[in-house]
Amino acid sequence: MDPFHQWSSRSLHKGLCVSFIATLGCFLAVEATNRPLENAAAPFGILSLQFTGELSSALLILDSWGETARLHAAFNLGFDYLFLVVYALFLSAACS
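Letter by letter, the sequence shown follows residues 2 to 97 in this note's numbering.
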């Protein structure tokens, strides 16, 4: 069932635009907060931490980040969770 079936086409268009802007904003925020996390131990920033398969590698990455970089990692994860929500809303509105 279409969750937007009761919305007018004008409201749907507005929702699509707002969700697109929110998706783009979250994507840019995730990208911006990932850059300070990239170093020799974590060449892909937070993705290196997320895909490491060993505790020793994860600890090495965390140790390579300073206090400021760890704050960037926390903001990155927060924006990443928000991105999941707004991207899902954007796709839902786009498919309606």
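Treat the hints as calculated values from the structure; they're not laboratory data.
All residues carry an ideal CB built from backbone N, CA and C; glycine is no exception.
Hints are supplied without guarantee of correctness; some may be wrong.
Simulated restraints on C-beta separations [as the list claims (entries may be wrong)]:
(1) G54 / S10: 43 to 51 Å
(2) L29 / Q51: 16 to 24 Å
(3) E68 / S97: 41 to 49 Å
(4) I22 / L56: 34 to 42 Å
(5) L85 / H14: 19 to 27 Å
(6) L25 / C96: 42 to 50 Å
(7) E55 / A95: 35 to 43 Å
message = Hints numbered earlier in the text: which of these fail when held up against the supplied structure?
response = Number 6 - this is the single hint that the structure violates.
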